[in-house]
Amino acid sequence: MDLPSHVVSKLQSEFLAETQPFCFLIDENYRLIDSWGSSDWCGLNGVEADEDMRGPAPFLVGIPITTPQKLDFIETPGRAIVTMHLIPDDSQCYVVLLDASKEHAYIQSKQQTVNELRLMQARQHKLIARQRDLISELVEAKSELDHHRREAERISANKSRFIAMMSHEFRTPLASIINYAELASEEGTSSNDIQKSIETISRSAKHLTSLVEVVLDDASLDAGQVELIERDFDLASLLDDMAAMMAPMAAEKGLSFAAAVDEDVPKTIYADEVRLRQILINLLGNAVKFTVEGGVKLMATYNDGRLVVTVSDTGPGISIEDQERVFQAFERGGGRGETGAGLGLTITLRLVELMHGEVSLDSMPGEGCTVSVHVPVMAADDGPTAAVPVLPLPSEDTIAAKPLSVLICDDDEDMVNLVEHYLHRSGYGLITTSDSSEAIAKTLKFDPDIVLMDCNVPGVGGVVAAKVLREQGYAKPIVALTASKLSDEQKSAFTRFFRKPAQMQELLTEIKRLTH
Amino acid sequence: MTPVTSKVCVVGDFAVGKTSVVERFVTNQFSEKYLSTVGVKIDTKEIEFPALAVTHKLVIWDVAGSEKFGPAEMAYLRGASGYIFVADGTRPATLKAVERLQNQITEAYGLAPAVLLVNKRDLTADWDVSDERFDALTTNYGNAYRTSAKTGDDVERAIARLAELIIENDMRGK
Numbered sequence: 001m002d003l004p005s006h007v008v009s010k011l012q013s014e015f016l017a018e019t020q021p022f023c024f025l026i027d028e029n030y031r032l033i034d035s036w037g038s039s040d041w042c043g044l045n046g047v048e049a050d051e052d053m054r055g056p057a058p059f060l061v062g063i064p065i066t067t068p069q070k071l072d073f074i075e076t077p078g079r080a081i082v083t084m085h086l087i088p089d090d091s092q093c094y095v096v097l098l099d100a101s102k103e104h105a106y107i108q109s110k111q112q113t114v115n116e117l118r119l120m121q122a123r124q125h126k127l128i129a130r131q132r133d134l135i136s137e138l139v140e141a142k143s144e145l146d147h148h149r150r151e152a153e154r155i156s157a158n159k160s161r162f163i164a165m166m167s168h169e170f171r172t173p174l175a176s177i178i179n180y181a182e183l184a185s186e187e188g189t190s191s192n193d194i195q196k197s198i199e200t201i202s203r204s205a206k207h208l209t210s211l212v213e214v215v216l217d218d219a220s221l222d223a224g225q226v227e228l229i230e231r232d233f234d235l236a237s238l239l240d241d242m243a244a245m246m247a248p249m250a251a252e253k254g255l256s257f258a259a260a261v262d263e264d265v266p267k268t269i270y271a272d273e274v275r276l277r278q279i280l281i282n283l284l285g286n287a288v289k290f291t292v293e294g295g296v297k298l299m300a301t302y303n304d305g306r307l308v309v310t311v312s313d314t315g316p317g318i319s320i321e322d323q324e325r326v327f328q329a330f331e332r333g334g335g336r337g338e339t340g341a342g343l344g345l346t347i348t349l350r351l352v353e354l355m356h357g358e359v360s361l362d363s364m365p366g367e368g369c370t371v372s373v374h375v376p377v378m379a380a381d382d383g384p385t386a387a388v389p390v391l392p393l394p395s396e397d398t399i400a401a402k403p404l405s406v407l408i409c410d411d412d413e414d415m416v417n418l419v420e421h422y423l424h425r426s427g428y429g430l431i432t433t434s435d436s437s438e439a440i441a442k443t444l445k446f447d448p449d450i451v452l453m454d455c456n457v458p459g460v461g462g463v464v465a466a467k468v469l470r471e472q473g474y475a476k477p478i479v480a481l482t483a484s485k486l487s488d489e490q491k492s493a494f495t496r497f498f499r500k501p502a503q504m505q506e507l508l509t510e511i512k513r514l515t516h
Numbered sequence: 517m518t519p520v521t522s523k524v525c526v527v528g529d530f531a532v533g534k535t536s537v538v539e540r541f542v543t544n545q546f547s548e549k550y551l552s553t554v555g556v557k558i559d560t561k562e563i564e565f566p567a568l569a570v571t572h573k574l575v576i577w578d579v580a581g582s583e584k585f586g587p588a589e590m591a592y593l594r595g596a597s598g599y600i601f602v603a604d605g606t607r608p609a610t611l612k613a614v615e616r617l618q619n620q621i622t623e624a625y626g627l628a629p630a631v632l633l634v635n636k637r638d639l640t641a642d643w644d645v646s647d648e649r650f651d652a653l654t655t656n657y658g659n660a661y662r663t664s665a666k667t668g669d670d671v672e673r674a675i676a677r678l679a680e681l682i683i684e685n686d687m688r689g690k
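Sequence lines, in order, name chains A and B.
When we follow the working numbering, the leftmost residue of the first sequence carries the number 1, and every step to the right adds one.
When we follow the working numbering, the leftmost residue of the second sequence carries the number 517, and every step to the right adds one.
It should be emphasised that the hints constitute simulated quantities derived from the structure, not laboratory data.
Please read all numbers here as calculations on a predicted model, not as lab measurements.
Be aware that one or more of the hints could be misleading.
On the chain B side, residues computed to face chain A include the following (Cβ under 7 Å) [what the hints assert, rightly or not]:
(1) MET517
(2) THR521
(3) LYS523
(4) PHE530
(5) ALA531
(6) SER552
(7) VAL554
(8) GLY555
(9) LYS557
(10) ASP559
(11) THR560
(12) ALA591
(13) GLY595
Ideal Cβ positions, reconstructed from N, Cα and C, are used throughout, including at glycine.
Kindly generate the complete structure, drawing on both the sequences and the hints.
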């Protein structure tokens, strides 16, 4: 059907009124040839023939005019909204601009609503994600807090248990010392009873010392203050010592004791002898203590630079649930009636870890217990270091080679008496004082061959006294003999440092070496 | 001074601040009100490069935001000499949109000079693009900026850099 001319005319006039077409013809250089229609609404009025239309109509910049195109909703710099038709005609091009502002306003309003909703949705998702993160953080923080609370409760319970236990553990030997000292000082006590009293006092004092040592050791390990002192030493001799120490203890309880050292175990190793000895004493001591019948076995093997020492016993064994607990501080195996601080295995574990090793435990109730210590150690090439006997007997190593004098500065009368006893016995002449300032005066006056100096003494203190003596020109050895812990800088004031209680034999040997 | 005129297109996801970036660059103004763009808005601004003896007139086509272009939007880009990609630093998903659009454009029209503006850096509490991510973007796009149309931070610097890249590209072409 062909539309009648008046309908076509009506449509044309509606279209023209709605879109206000502005048409212009440009050449291949975008220069204006001619134009048709009103340009007021689109800001292109006043354009002249031959003008480059890319100036007043910058949306033509870069646009190829050789192919037909339609671009909707172009907002011009003059803020008109146009639909642009490009209609090429040979080398020329008709550009038709139609007013699209009404349609643009309608779509913009819809688009605005949609975009705002999408933005709200994005913000909502972000808030939900943040909320989820916060809840996770909260749960994590609460769990951490619970863990810390349980840990604090455990520590508090341990502390209470420790105080109660230590009170008992300390009171028993202390009571023994006090009572036997009273007995020995009573009139009419026989010399035999006095001798027995002294032996009991000595035994109780040693027990007290060992208790103090383990508690202090645990505290030092806790504070990270323990450093390994590694050197070459005779491992075979250490293992022999252990066997010699433990076999009689086992025999006393009617237990067998066996020691087996694999032939690959090096005779001399580079490690901390004192700490390794402590580990072995702890393990073997526990094995003997908790085993009622059967025996205890010590085995040592060496493979790929790792020393493995295994202590097995035929004791009551440890249940799986108790196996972790026995390595915790103040936990004692064996139930009631056993003595000790409950720190032995804790200290053992920490020392082994300090040596970069591991402890493994294999046990079942009623089937004994096997504890293995694996530590990396280097086999040493040098010969073993001579073992130091525990008992200080006068010997070639300790007796003064010539008449020598020793100045002792210590405010603990018992300690002065003890050192005096051993030094006299080894042939040294003595000068004593309990004041460090007086020690300076006496040293400068009498020029002793060696000075033994406690640090925490009246006067200027042992460390300052040693420094003053050096400044005053005293060049002979000054040995610290103290219960105090000294820094490296403080230690440097002394020729040698001994921590109380010192091994008398070692002290005497060192005095002889220094005065030789 | 030699006059040079180039068409550059600003593209990116919706509501990332494309129109605000152009408004800051052209009129040095900013409006808090969000008004979505339909179609394309055209503005012009001249930048002088005394060292190159060039006055560079940029005809800026601010194209309606989208995460993927259809044929109508692709038609707007025809004849562009460079692109300003804009993402929203508080909505990392808009960086993905930029990546998609860049691939579409490169596939249709080939490589062209471009800069990336990670916008809304003034919204520090909501900022969600880590330094590591931004460094990776700098490596990918060559020229990436943390911008704020609100404060004007780095907007002019970023677009001036694009104008410079277009001149360098033209010189290489000649």
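Among all the numbered hints in the text so far, which are the ones the structure does not match? When the structure is compared with the hints, only number 1 turns out to be violated.
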